[in-house]
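Number of protein chains: 2
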Amino acid sequence: MTEPRTPDHAIDPLFIERHSPRAFTGEAVPEAELMRMIEAARWSPSGYNSQPWRFLYALRGDAHWQTFFDLLVPGNQKWVADTGAILFLVSNARMRVGDELKPSYSHSFDTGAASLAFQLQAVRQGWHAHGMTGFDHARAPEVLRLPEHHRIEAAFAVGRKMATADLTEEQRPREAPNGRRPITDFVIAGAFPADAG
Amino acid sequence: MTEPRTPDHAIDPLFIERHSPRAFTGEAVPEAELMRMIEAARWSPSGYNSQPWRFLYALRGDAHWQTFFDLLVPGNQKWVADTGAILFLVSNARMRVGDELKPSYSHSFDTGAASLAFQLQAVRQGWHAHGMTGFDHARAPEVLRLPEHHRIEAAFAVGRKMATADLTEEQRPREAPNGRRPITDFVIAGAFPADAG
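For the record, the sequence lines run as chains C and H.
The opening position of the first sequence corresponds to residue 1016 in our numbering, with each subsequent residue numbered one higher.
The opening position of the second sequence corresponds to residue 1016 in our numbering, with each subsequent residue numbered one higher.
Since the hints were made in silico from the structure, they are not lab data.
Be aware that a few hints might be false.
[As the list claims (entries may be wrong)] Which chain C residues face chain H? A few, computed with CB under 10 Å, are given here:
#1 1038
#2 1053
#3 1066
#4 1083
#5 1121
#6 1208
[Said to hold, decoys possible] Below, a list of computed lysine-lysine pairs in the DSS-like style, where the Cα atoms sit at most 27 Å apart:
#7 H/1176 - H/1093
#8 C/1093 - H/1117
#9 H/1093 - C/1117
#10 C/1176 - C/1093
[Said to hold, decoys possible] Pairwise CB distance ranges (calculated):
#11 H/1164 - C/1096: 33 to 39 Å
#12 H/1082 - C/1077: 50 to 56 Å
#13 H/1183 - C/1212: 45 to 51 Å
Positions of the beta carbon are idealized from the N, C-alpha and C atoms, including for glycine.
Please model the complete structure; the sequences and the hints are all you need to start from.
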């Protein structure tokens, strides 16, 4: 197998540098650093510029940390314990059109776009973000007081990635960034072929 | 009002440079250029690395162009006529877990993330992408032969942005990149406040 992170076409290295580590140093994320990451998300595109994304955050050791941490599934808690911020990304499924609130077709998609800006800017600042859908989907809406017509899209943890030299033998293989299918697997000229599924 | 594209926190200028023009030069997008943009999308994160995104494309003047163009609403056709590629971004709402296909919680969100990588890499290459949900939602699934359990997330047009000096008086105000709400409008420490809506 080839090195899993070699692009087949020339791209900005930032897209390859972004990955989702599980070994973090325990360093706290300063609030001002987190706000820069969210600022990048702010400039993302959205249907009718509706900006449906909401960022709920807890910083390591603050009044919200334990509440957010307790919503994650145990498998994620193991590594999130060493991160410096936990976020829940939420989308508003309705948008204002004139004086009316109408369903948004793209609220999840738009919030996903914002999440990538957030993650790329984190890398630019020397941090790494790791997204999760492994949280308590039954309890989270109540605990986060999710308003009607909103959807919790994902949780994210942000922290300082452990240097490769500091990884244990056990951690090392798990921390190797994962690969991707080649684009020929998901790019189609024209419509789907008749047998696609 | 302040200049609409001044960030409140220091971020990579790429996030500000990306915007959604409507004035394009008519230049065709070479296929190899488009594949680089899609390569950037390839490296995006997705739930369980399921990579749910699909990119359907038509290049200006090829056998698919008119089919794709005809699916757009007239308001979008007006400016897409001067772009060099039209894409439909589709997500697979199911993912493989072992031998089973299970519903994906984050297929739209993940595809949104991939779409931002695509758009940012386009800017890096000197092109601009503009997303749309204004397409014929009734006809598109049939025309694109959308497989079951898939969702059309958005259409995109990519092209060479017209230089500001070449814009007509009428185009100029419309081409000024739009602003955003400040992050204080959508960032919350902890859970939603009790009166959020």
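Outcome of the hint check:
1. 1038: Violated. Min distance 17 Å.
2. 1053: holds (5 Å)
3. 1066: holds (6 Å)
4. 1083: Cβ of residue 1083 of chain C sits 8 Å from chain H, so the hint holds.
5. 1121: holds (5 Å)
6. 1208: The hint holds - residue 1208 of chain C has a Cβ within 10 Å of chain H, the shortest such distance being about 7 Å.
7. H/1176 - H/1093: holds (15 Å)
8. C/1093 - H/1117: holds (25 Å)
9. H/1093 - C/1117: holds (25 Å)
10. C/1176 - C/1093: Holds, because 15 Å separates the two Cα atoms, which is no more than 27 Å.
11. H/1164 - C/1096: 33 to 39 Å: The hint (33 to 39 Å, Cβ to Cβ) holds, given that residue 1164 of chain H and residue 1096 of chain C are roughly 36 Å apart.
12. H/1082 - C/1077: 50 to 56 Å: Taking Cβ atoms as reference, residue 1082 of chain H and residue 1077 of chain C lie about 53 Å apart, which means the hint holds.
13. H/1183 - C/1212: 45 to 51 Å: Since residue 1183 of chain H and residue 1212 of chain C have Cβ atoms about 47 Å apart, the given range 45 to 51 Å holds.
Hint 1 alone, counting from the list given before, is not met by this structure.
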